[in-house]
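So you can see what is in the structure, the chains are spelled out below.
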Amino acid sequence: SQQGEEDPQALSIQEGENATMNCSYKTSINNLQWYRQNSGRGLVHLILIRSNEREKHSGRLRVTLDTSKKSSSLLITASRAADTASYFCATPESTSGTYKYIFGTGTRLKVLA
Amino acid sequence: DTGVSQDPRHKITKRGQNVTFRCDPISEHNRLYWYRQTLGQGPEFLTYFQNEAQLEKSRLLSDRFSAERPKGSFSTLEIQRTEQGDSAMYLCASSLGAVQETQYFGPGTRLLVL
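The listed protein sequences correspond, in order, to chains V and Z. The first sequence begins at 1 in our numbering and counts up one residue at a time. The second sequence begins at 1 in our numbering and counts up one residue at a time.
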């Protein structure tokens, strides 16, 4: 089954810098979602971008989607120590009329104060 | 608190024992998902309910695993004859109605099989 793959696997930056992480997927999709997970906790939904959208913003988050390249990027601007977490992209997979989301392996972001 | 809740948050058991986890979704959500997550990996889909109907099960879900959602409200995930390889975080999520809806995750149940 398809799975998003995030790149890089790990990223360490200084507070105030921007963080960019990428997600690649294998088959056609009609939307893509990004989630954040703090260590040992559940996932929190960040943003959903649909296939007819190229860019979407939410606060300090900017997500782009390039369906021709089957890739998406998540940019966090002016990072804070509280942004330290793992970030996952999730893409839908349809099987016999049912829908589920497949998660990538994640990017572990560390923001140093 | 109207979010997704899971119980217990932590479970330590000996190999061969049975364990059961519970998930209470957001009340108006009719879709409920179970995932398993091991260290350093993303969540892996296990199974999914729409109301009380279990619509899909992953090949990861061996015959030792069973999930139910009676009356389309809370759900339970049971693992029989646990093995050390079952040690993981078990995550539950719920969503509302139509496909492609945002999933809201619970805090997870961390299972350690000794």
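One or more of the hints may lead you astray.
[Unchecked claim] Here are the simulated DSSO-like cross-link-like pairs (lysine-lysine), alpha carbons at most 30 Å apart as the crow flies:
1) V:LYS110 with V:LYS69
2) Z:LYS71 with V:LYS110
3) V:LYS70 with Z:LYS71
4) V:LYS26 with Z:LYS57
5) V:LYS56 with V:LYS110
6) Z:LYS71 with Z:LYS11
7) V:LYS56 with V:LYS69
[Unchecked claim] Derived coverage of chain Z by chain V (criterion: at least 3 residues anywhere in the stretch with Cβ under 8 Å from a Cβ of chain V; other residues may be distant):
8) 14 to 23
9) 82 to 88
Please keep in mind that the hints were generated in silico from the structure rather than gathered at the bench. Using N, Cα and C, we set each Cβ at its ideal position, and we do this for glycine too.
Each hint tested on the structure:
1. V:LYS110 with V:LYS69: 27 Å, holds
2. Z:LYS71 with V:LYS110: 43 Å, violated
3. V:LYS70 with Z:LYS71: 40 Å, violated
4. V:LYS26 with Z:LYS57: Since the Cα atoms of V:LYS26 and Z:LYS57 sit roughly 22 Å apart, the hinted pair holds (cutoff 30 Å).
5. V:LYS56 with V:LYS110: Cα-Cα ~24 Å, so holds.
6. Z:LYS71 with Z:LYS11: 26 Å, holds
7. V:LYS56 with V:LYS69: 17 Å, holds
8. 14 to 23: As far as the segment 14 to 23 of chain Z goes, the hint is violated, because 0 residues have Cβ atoms under 8 Å from chain V.
9. 82 to 88: violated (count 0)
When each numbered hint is compared with the structure, violations occur for hints 2, 3, 8 and 9.
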